[in-house]
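**Q** Sequence:
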Amino acid sequence: MKIRHTVLACLTAVLLLLGLSLDAFADSPTAGSPTRAEGQQWTWPLQPEPDVVAYFDPPASPYGPGHLGVDLLGYPGQSVRATAAGTVSFAGQVAGKPVVVVDHGRERSTYEPVVAGVRRGDQVRSGQPIGTLVLTAGHCLPGACLHVGRKIGDTYLDPLELLGGGPVRLLPRHLPMPAPRFPAASVRTTELSLPPPALTPGPAAILASTVVAAVMSGLEAAVPTPE
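Residue numbers (the working numbering): 1 to 227.
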């Protein structure tokens with residue numbers, strides 16, 4: 001009996017230590033995991049909260065392929081709002097598309113294709129309408145995509161770090177055309193159903209199972225089996 005109590009006490013201590021280790025693994029960020037940027041948070045430029053149909057994908061080289069912003073699913077005629085308070089630094093055409101740029105001090109937000117309802121130098125509040133989304137060729141047809149960019153100097157950053165992320169959606173071949181100024185929810189698409197990812201045990205979990213198996217094996221060997 002004394003041997004049994006001693007082994008059980010050792011087993012309890014080991015499990016407590018491993019529990020602390022597991023907590024540390026769970027709380028520590030993994031390499032490459034996204035972190036929210038410091039500073040002010042942005043509000044969604046489309047209301048209600050839109051679907052994200054194309055993510056930020058910076059090019060590997062200055063002239064390589066990529067996507068310098070995010071595309072949000074909307075509809076023609078939908079009101080576009082400033083993601084944060086700032087000053088309109090540009091409202092006009094770029095490469096044949098209507099673009100609005102708002103300077104937030106350290107960062108700038110860009111919106112296209114948006115017919116501006118503001119002028120350069122205007123002060124805007126967070127969530128204030130700054131223009132109207134228009135229809136152009138793209139992967140959101142027959143809906144409309146709002147391309148939102150985020151820049152510090154000449155460097156493009158991921159807008160979702162400040163917007164808070166969003167669900168990935170697949171656009172069907174025949175998306176019903178929403179009427180202008182209808183709620184964006186009328187063009188929401190079905191979320192892609194994916195199987196849950198397989199869970200891979202971490203090093204702490206493997207260590208825990210190994211120690212428990214060894215201790216239990218020692219317990220069985222140390223305690224005589226009653227005849």
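Everything labelled a hint here was simulated from the structure, so no lab data went into it.
Computed from a prediction, not measured in an experiment: that's the story for all the values here.
Treat the hints with care, since some could be wrong.
Claimed, not checked - Pair by pair, the computed Cβ-Cβ distance ranges are:
(1) P65 <-> T87: 30 to 40 Å
(2) H67 <-> G96: 29 to 39 Å
(3) A137 <-> R106: 12 to 22 Å
(4) A85 <-> A137: 16 to 26 Å
(5) R106 <-> L141: 31 to 41 Å
(6) R119 <-> Y63: 27 to 37 Å
Think of the CB as a built atom: it goes at the ideal place given N, C-alpha and C, for glycine as much as any other residue.
**Q** For the range 27 to 37 Å, tell me whether the beta carbons of R119 and Y63 fit it or not.
**A** Since the Cβ atoms of R119 and Y63 sit about 33 Å apart, the hinted range of 27 to 37 Å holds.
**Q** Could you say whether the range 16 to 26 Å given as a hint is met by the Cβ separation of A85 and A137?
**A** Violated, since A85 and A137 (Cβ atoms, about 33 Å apart) do not stay within the stated range.
**Q** Take a look at whether the Cβ-Cβ distance between H67 and G96 falls inside 29 to 39 Å.
**A** violated (19 Å)
**Q** Does the Cβ pair R106, L141 satisfy 31 to 41 Å?
**A** holds (35 Å)
**Q** Do the Cβ positions of P65 and T87 conform to the proposed distance bound of 30 to 40 Å?
**A** Given a distance of about 33 Å, which is inside 30 to 40 Å, the answer is holds.
**Q** Are A137 and R106 spaced within 12 to 22 Å by their CB atoms?
**A** violated (34 Å)
Of the numbered hints stated above, those contradicted by the structure are hints 2, 3 and 4, listed in ascending order.
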